[in-house]
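Please build the complete structure, drawing on both the sequences and the hints.
Given next are the chains, with one letter for each unit.
Protein chains: 2
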Amino acid sequence: MSNFISFFNELQTQNPHTKTKPMEHNSYSPFTQPIRCIVKLGGAAITCKNELEMINEEILQKVSEQLRQAMISSSEKPPGMDWSKRPGSSEICCNPDEFGDHSVMDYSRFIVVHGAGSFGHFQASISGVHKGQLDKPLVKAGFVATRISVTTLTLEIVRALAREGIPSIGMSPFSCGWITKERQISSADVSSVAKAIDSGFAPVLHGDAVLDEILGCTILSGDVIISHLAAYSKPKYVVFLTDVYGVYDRPPTESDAILLKEIAVSEDGSWSVVKPKLQNSIELTVASHDTTGGMKTKISEAAMIAKLGIDVYIVKAATSHSLRALSGDLRGGNIPDDWLGTVVRSST
Amino acid sequence: MSNFISFFNELQTQNPHTKTKPMEHNSYSPFTQPIRCIVKLGGAAITCKNELEMINEEILQKVSEQLRQAMISSSEKPPGMDWSKRPGSSEICCNPDEFGDHSVMDYSRFIVVHGAGSFGHFQASISGVHKGQLDKPLVKAGFVATRISVTTLTLEIVRALAREGIPSIGMSPFSCGWITKERQISSADVSSVAKAIDSGFAPVLHGDAVLDEILGCTILSGDVIISHLAAYSKPKYVVFLTDVYGVYDRPPTESDAILLKEIAVSEDGSWSVVKPKLQNSIELTVASHDTTGGMKTKISEAAMIAKLGIDVYIVKAATSHSLRALSGDLRGGNIPDDWLGTVVRSST
Numbered sequence: 001m002s003n004f005i006s007f008f009n010e011l012q013t014q015n016p017h018t019k020t021k022p023m024e025h026n027s028y029s030p031f032t033q034p035i036r037c038i039v040k041l042g043g044a045a046i047t048c049k050n051e052l053e054m055i056n057e058e059i060l061q062k063v064s065e066q067l068r069q070a071m072i073s074s075s076e077k078p079p080g081m082d083w084s085k086r087p088g089s090s091e092i093c094c095n096p097d098e099f100g101d102h103s104v105m106d107y108s109r110f111i112v113v114h115g116a117g118s119f120g121h122f123q124a125s126i127s128g129v130h131k132g133q134l135d136k137p138l139v140k141a142g143f144v145a146t147r148i149s150v151t152t153l154t155l156e157i158v159r160a161l162a163r164e165g166i167p168s169i170g171m172s173p174f175s176c177g178w179i180t181k182e183r184q185i186s187s188a189d190v191s192s193v194a195k196a197i198d199s200g201f202a203p204v205l206h207g208d209a210v211l212d213e214i215l216g217c218t219i220l221s222g223d224v225i226i227s228h229l230a231a232y233s234k235p236k237y238v239v240f241l242t243d244v245y246g247v248y249d250r251p252p253t254e255s256d257a258i259l260l261k262e263i264a265v266s267e268d269g270s271w272s273v274v275k276p277k278l279q280n281s282i283e284l285t286v287a288s289h290d291t292t293g294g295m296k297t298k299i300s301e302a303a304m305i306a307k308l309g310i311d312v313y314i315v316k317a318a319t320s321h322s323l324r325a326l327s328g329d330l331r332g333g334n335i336p337d338d339w340l341g342t343v344v345r346s347s348t
Numbered sequence: 349m350s351n352f353i354s355f356f357n358e359l360q361t362q363n364p365h366t367k368t369k370p371m372e373h374n375s376y377s378p379f380t381q382p383i384r385c386i387v388k389l390g391g392a393a394i395t396c397k398n399e400l401e402m403i404n405e406e407i408l409q410k411v412s413e414q415l416r417q418a419m420i421s422s423s424e425k426p427p428g429m430d431w432s433k434r435p436g437s438s439e440i441c442c443n444p445d446e447f448g449d450h451s452v453m454d455y456s457r458f459i460v461v462h463g464a465g466s467f468g469h470f471q472a473s474i475s476g477v478h479k480g481q482l483d484k485p486l487v488k489a490g491f492v493a494t495r496i497s498v499t500t501l502t503l504e505i506v507r508a509l510a511r512e513g514i515p516s517i518g519m520s521p522f523s524c525g526w527i528t529k530e531r532q533i534s535s536a537d538v539s540s541v542a543k544a545i546d547s548g549f550a551p552v553l554h555g556d557a558v559l560d561e562i563l564g565c566t567i568l569s570g571d572v573i574i575s576h577l578a579a580y581s582k583p584k585y586v587v588f589l590t591d592v593y594g595v596y597d598r599p600p601t602e603s604d605a606i607l608l609k610e611i612a613v614s615e616d617g618s619w620s621v622v623k624p625k626l627q628n629s630i631e632l633t634v635a636s637h638d639t640t641g642g643m644k645t646k647i648s649e650a651a652m653i654a655k656l657g658i659d660v661y662i663v664k665a666a667t668s669h670s671l672r673a674l675s676g677d678l679r680g681g682n683i684p685d686d687w688l689g690t691v692v693r694s695s696t
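Sequence order for the protein chains is A and B. Numbering (this note's numbering) for the first sequence: 1 to 348. Numbering (this note's numbering) for the second sequence: 349 to 696.
Everything labelled a hint here was simulated from the structure, so no lab data went into it. Don't take each hint at face value.
Claimed, not checked - Mimicking DSBU-like on lysine-lysine, the simulated pairs with C-alpha atoms at most 30 Å apart in a straight line are: (1) K397/B x K85/A; (2) K195/A x K410/B; (3) K234/A x K484/B; (4) K316/A x K529/B; (5) K582/B x K85/A; (6) K433/B x K62/A; (7) K136/A x K623/B; (8) K543/B x K195/A; (9) K136/A x K484/B; (10) K410/B x K77/A; (11) K136/A x K664/B; (12) K131/A x K433/B; (13) K664/B x K85/A; (14) K397/B x K49/A; (15) K584/B x K136/A; (16) K62/A x K644/B; (17) K136/A x K582/B; (18) K181/A x K543/B; (19) K664/B x K195/A; (20) K77/A x K181/A; (21) K582/B x K77/A.
Stated by the list, open to error - Derived coverage of chain A by chain B (criterion: at least 3 residues anywhere in the stretch with Cβ under 8 Å from a Cβ of chain B; other residues may be distant): (22) 58 to 67; (23) 256 to 268.
Keep in mind it's a predicted model, so treat the numbers as computed, not measured. A virtual CB, placed ideally from N, CA and C, is assigned to each residue, including glycine.
In structure tokens:
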């Protein structure tokens, strides 16, 4: 994986304390009903690696379509909700007239969180926003530049979802007032996200530059946001959409890499591979993979969610496997043999 | 003025109760220091009327330049903070290397609020978002579409300011969790705006589609946001940048229209024209103007701010007059005879 992809995901690796508070510490949740699913749109999947600020339009469109299929039971595609012009076009994307007497559709409660991919990384890394020191002119400028880049991506994702008829609403963690303290989330009121969900919208959040009470500023990664939201909203399942089929025992570019299909997480947060049965110790091989792909971090975050009793599916975006994961087909029973991906679930 | 321009400003006229709570009701302000200025970038000034979603790039650039001159005492232009590509370009706008060992600059505390102009109006009016009924598919879609359109404009304004070296940060009222109750602001925590200001940023807010506790949803106009922010942050002055020289006694397109240079507001909120001395009653002529331009609403909002002891300048954007207003040159003493614009201030 390129540097572009890993930056917003790997910050936790640099500081192991970049964690959300676990659910057991939270007595109050503003979510009136449990939500169905939190989806991570991985930066590696929806943007073009190695090319600054380039969206993978084909994947984004397919991901949006699958999300719509998972959220709406009707086979009929609802009218689009992006009534704006695209750059360089004089026509609006979707026609409001299509709504006419369109009947009410029932949407499942989804939250979307996206990574940065080739947006935001360049601006954050060149200025060192994640390290703080907001009083430095370069860092302050980098903070501004990073937010411009990632909110550009957010807007495009919101628009892609809206074109599929998903009532998507962009909500930046910074604007929501989320703040960290030495990179740990210290204040992240989820009530406005809950109200958006209760009003029938699909909130779209993202890894963001945020204020930090000690450091001045830092980067809050999409994966940490998901852990935080999962703890409060107790989704039935969480899906990480990536650019590979799941978690492997070594970099998936290696020909003998083995896809880990099921990982069990025990109460103390330690995890082990249940399927397939592996001959060698997994820990070392995953650790070596981690230096390039942040997969150990991803498993750690997934394990923290799984500990709450929430199944996590890590799966390749825009495939039949991702559609099954998003639709909730994998819940409960066994994972079908023909499904490619990684399930992380509680062993208890 | 076209319909495009007036929609986000005129909603108060449709419902006279669309007001913010006056300052005397608020005991707590999260602003640690008073801010210097709140600036309204009028939709009519920064977008092209009658053309859907078209920015007036020349005016926006000039406005951004004047804001930079007003915010930074140094005559040297700081390096740009928009390190993203523009659509269709492979180059980033500004070069981070320019920061090198750039010294710390002192920025005055400004808040920017922009109107919608030709962004958002079409989407909001065709769906009736301002009237509520979010359970209707068309209204929900309109809510999504309106937010896509106005946040597109916000992003472009944030980028234009950042290119001038202003540390601008987009903050949507919806994402900030601001909520209305029958179109009155019922919950609009300004603490995240205050924190952004305290951290040295220039927050950029905008008229937005928001949730309403009774109606389901509505449009919160930029002018109401300014009144609310002014009550909490107590700026030294407020500037409304528009596409005409100020407030006239009749539509400024009429050849005998007279520019009202000074309006005094008494304690009960009533107002009268101090300069120039007018022969006819002003109330009727302004009222007739109001049906097309929302100027009575604008005076009412300005009067509410002036009542707090804050001078309000209504002035044509991107002129020498707007630069003097933004720079605070008009504060205290008399208004120079060669300054074109309208001052609204407390008579006490």
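**Prompt:** Are K136/A and K582/B close enough, with their CA atoms no more than 30 Å apart?
**Reply:** Holds - the C-alpha atoms of K582/B and K136/A are around 28 Å apart, at most 30 Å.
**Asked** Between K136/A and K623/B, is the straight-line Cα distance small enough, at 30 Å or below?
**Response** violated (47 Å)
**Prompt:** Taking only the CA atoms, is the gap from K181/A to K543/B under or equal to 30 Å?
**Reply:** With a Cα-Cα distance of about 14 Å, the restraint between K181/A and K543/B holds, given a limit of 30 Å.
**Request:** Mind checking the alpha carbons of K131/A and K433/B for me, to see if they're no more than 30 Å apart?
**Result:** The hint holds at about 24 Å.
**Request:** Assess, step by step, whether the Cα of K136/A is no farther than 30 Å from the Cα of K484/B, and give holds or violated.
**Result:** Violated, because 49 Å separates the two Cα atoms, which is more than 30 Å.
**Item:** 30 Å limit on alpha-carbon distance, applied to hinted pair K584/B and K136/A
**Value:** holds (27 Å)
**Prompt:** Holds or violated: are the alpha carbons of K234/A and K484/B at most 30 Å from each other?
**Reply:** With Cα atoms ~28 Å apart, K234/A and K484/B stay inside 30 Å; holds.
**Item:** Holds or violated: K664/B to K85/A, with C-alpha atoms at most 30 Å apart
**Value:** holds (28 Å)
**Asked** Would the pair K582/B and K85/A pass a check requiring their Cα atoms to be no farther apart than 30 Å?
**Response** violated (38 Å)
**Asked** Does the structure keep K410/B and K77/A at a Cα separation of 30 Å or less?
**Response** violated (44 Å)
**Item:** Pair hint K664/B and K195/A, alpha-carbon separation not exceeding 30 Å
**Value:** violated (39 Å)
**Message:** At least three residues with a C-beta closer than 8 Å to a C-beta of chain B: is that true for the stretch 58 to 67 of chain A?
**Reply:** Coverage by chain B is violated for the stretch 58 to 67 of chain A (0 residues, Cβ < 8 Å).
Hints 2, 4, 5, 7, 9, 10, 11, 14, 16, 19, 20, 21, 22, 23, counting from the list given before, are not met by this structure.
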